[in-house]
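Engineer: Put chain A on the given structure of chain S with help from the hints.
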Amino acid sequence: MTTTMAQALNAALRDALKDDDRVLVFGEDVGALGGVFRVTDGITADFGESRCFDTPLAEAGIVGFAVGMAMGGFRPVVEMQFDAFAYPAFEQITSHVAKLRNRTRGALSLPMVIRIPYAGGIGGVEHHCDSSEAYYTHTPGLRVVTPGTAQDAYDLLRDAIESPDPVVFLEPKARYWSGEEVSFARKGPAMDKAVVRREGKDVTLIAYGPMVATALETAEAAKDEGWDVEVVDLRSLSPFDDETVTASVRRTGRAVVVHEAAGFGGYGAEVVARVTEQCFHQLHAPVLRVTGLDIPYPAPKLERHTLPDVDRILDTIARLQWADTPVVAGA
Amino acid sequence: MSVEALLPSATPVRFLAEDGTPVDRHHGYVEPAEDRLKEAYRLMVLGRRFDVQATALTKQGRLAVYPSSAGQEACQVAAALTLGEPDWLFPTYRDSVALIARGLKPGEVLTLLRGDAHCGYDPAETRVAPQCTPLATQTLHAAGLAHAMQRRGEDAVALALIGDGATSEGDFHEALNFAAVFKAPAVFFVQNNRYAISVPFEKQSAAAALAYKGVGYGMRSEQVDGNDAVAVLAVLDDAVKHAREGRGPVLVEAHTYRIDAHTNADDATRYREAEEVAKWREADPLQRLETYLKSRNTLRDTEIEQFQADAEAFAQTVRDTLNAEPELDPMSLFDHVYAEPTRQLEAQRAALKAELEA
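Line by line, the protein sequences give chains S and A.
Quick note on numbering: the first sequence equals residues 1 to 331 in the working numbering.
Quick note on numbering: the second sequence equals residues 332 to 689 in the working numbering.
It cannot be assumed that every hint is accurate.
Under the rule of at most 20 Å between Cα atoms (straight-line distance), these lysine to any residue pairs were calculated in the SDA-like manner [unchecked claim]: (1) A:K369 / A:R627; (2) S:K193 / A:Q675; (3) A:K514 / S:P56; (4) S:K193 / A:T673; (5) A:K436 / A:A448; (6) S:K193 / A:A670; (7) A:K514 / S:G73; (8) S:K18 / S:K187.
So the derived list for chain S, only partly shown, Cβ under 8 Å to chain A, looks like this [stated by the list, open to error]: (9) N102; (10) R103; (11) G106; (12) P239; (13) P298; (14) P300; (15) H305.
Here are the simulated distance ranges between beta carbons [said to hold, decoys possible]: (16) A:E613 / S:G48: 12 to 22 Å; (17) S:D19 / A:G484: 39 to 49 Å; (18) S:D21 / A:K534: 18 to 28 Å; (19) S:E243 / A:A455: 27 to 37 Å.
No lab work stands behind these hints: they were computed from the structure.
Every residue, glycine too, gets a C-beta built ideally from N, C-alpha and C.
One chain only, chain S, in its complex shape (with noise of 0.2 Å):
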């Protein structure tokens, strides 16, 4: 039976709070709603208002509370309902959830997870579509993964859940409706590690969260030009999984990294930096970016033209032919 990414988080949030007491889910809207995207769906029926509850309209308030409750023993997992409403906590996550361990000497920890539905490609108005990655990873003290599956999302969710650090979930809400078959049996953490989703000789995209899919897609279309691409789902955002992501560019002595966000300062060039000084010798060409435009995330109507896409990232990869070696390999 194929399973949303949607229902995967649900499912992951339900066997945590099963398996867990100290497991509490809340935020706005997550109770009788079930979450403005039904990620919570049914939980404080099943569950009762203990365990899922709706609390007053205000982010800062959500984690704050959280911390406190983090503090008194529990494991809150808050929703944030959109990228850009998360700003308001954006002190309490950086001052104290990523902090707290570190400024206590290891005496307080603060197991929580912050889910927060990001990117856009869904036509949303503005506020709603923000890729806000590169805030959290810059900061220390936070763990921020995304998946790019339904499969990952329930790992992922389940792994966060359990980590005792505190975890920023990014949830592309694009993907929300995408499904597949999903094993909900635990497989052992998932977490910290990038995955190679497709094997290839010739150049290795690098993507997270909503930019998996359209990796894939690429990787299937550059067949035609005769391009063997590998894709790397990062997963992990921070910490970042170098040993998957140089060992796939080294064989392929390309690489490509795209994302959503805009390029200047983004995550990418995390990345580009990090790759770049470890497959120097093994490059044959820059690393380049595909990320979305240095503008504030557009009106849905203009959504298309910042949103990386398969021809873009094509064009790019068409770009790699930068030394005397070619892309296509052995030819």
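Structural biologist: Chain A only, in chain S's frame:
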């Protein structure tokens, strides 16, 4: 609860006039027992001496900075005395004397201000949250922790200390709202010391009293003369009892005054008149309590001398503690960033180690 039941007294609750003579109307509050008042006095003497000593240590470079709470001893000591062992205190950077009164060691309290580490004590063990530097953020933590304790069936209260400036922050309002909606056993104790660094209260808020801010959230609210230790103890005792009994959170505003500058680095003469400071010096909470306790024959001169001698010995301990330079391990920089260090941090740890050994 009806709005009337939430409203603060029309004037700040007082047991003592400024000259230490008792006043008649206590707005229904019960005077704390004599032994507690005497203990409050002892701790206020200690706190005053500690504060003077810490300020002096900034001049010797032993402390990076010290925000004095001189003049606010009644509030500081009452905040600690009103809490039991299972209760949590959420202090700010200015509340060192409250921590001393709570029983923490000077070395533990001054670790943050000395620059050795962000928190010098174990919050889980002491039930004192790290001294908070951003304004009002800890009020939400207090609300959340109070709710957590209530859910676990613990008979405990969380008390958050804040200044007048912090009541302008969004987190303060969100904390009041959350605490009231969840009926969390939390007490928000505002020490209105009239200045947020240099900004006077008149520019901070147009409210007749900050105590009224709780009413809009459905929270019982009160205002008290913050330089009257008897009144502050009585009101906080009542607030903590109210919260502990599950009747919801309480907001208490204490009207007090910061006698010294914001910190040793600040020049208070730029923003307030000497006459104003002199007037408030007359309202000294220590002297007021002393006069009262002596008039009641609760406190003898020999006891005052003993408390002062103990405070002097304590100051010596503070100096000794601060004069000893503890060895700081640079490798500890990498500790406790994550439960399990990331490979990136391990690599940086190795690099720093190599750099230090080179």
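Engineer: Would the pair K436 of chain A and A448 of chain A pass a check requiring their Cα atoms to be no farther apart than 20 Å?
Structural biologist: 15 Å, holds
Engineer: Quick one, are K18 of chain S and K187 of chain S close enough, alpha carbons at most 20 Å?
Structural biologist: 18 Å, holds
Engineer: What's the verdict on K193 of chain S and A670 of chain A, does the C-alpha distance respect the 20 Å limit or exceed it?
Structural biologist: 17 Å, holds
Engineer: Checking hints one by one. Is P239 of chain S an interface residue toward chain A, by the C-beta closer than 8 Å rule?
Structural biologist: 4 Å, holds
Engineer: Is the hinted pair K193 of chain S and T673 of chain A satisfied, with a Cα-Cα distance of at most 20 Å?
Structural biologist: Since the Cα atoms of K193 of chain S and T673 of chain A sit roughly 11 Å apart, the hinted pair holds (cutoff 20 Å).
Engineer: Given H305 of chain S was flagged as interface, is its beta-carbon under 8 Å from a beta-carbon of chain A?
Structural biologist: 35 Å, violated
Engineer: Is the interface hint for P298 of chain S satisfied, with its Cβ closer than 8 Å to some Cβ of chain A?
Structural biologist: For P298 of chain S, the interface hint is violated, since the closest Cβ of chain A sits about 29 Å away, which is over 8 Å.
Engineer: Taken at face value, is the distance from the CA of P56 of chain S to the CA of K514 of chain A at most 20 Å?
Structural biologist: 13 Å, holds
Engineer: Is the Cα-Cα distance between K369 of chain A and R627 of chain A 20 Å or less?
Structural biologist: Distance of about 11 Å is within 20 Å: holds.
Engineer: Can the suggested window of 18 to 28 Å be confirmed for the beta-carbon pair D21 of chain S and K534 of chain A?
Structural biologist: Because 49 Å falls outside the window, the suggested range is violated.
Engineer: Does P300 of chain S pass the interface hint, meaning its C-beta sits closer than 8 Å to a C-beta of chain A?
Structural biologist: Constraint on P300 of chain S not satisfied, violated at 30 Å.
Engineer: Does N102 of chain S meet its interface restraint, that is, does its C-beta lie within less than 8 Å of any C-beta in chain A?
Structural biologist: 5 Å, holds
Of the numbered hints given earlier, the model fails hints 13, 14, 15, 16, 17 and 18; all others are met.
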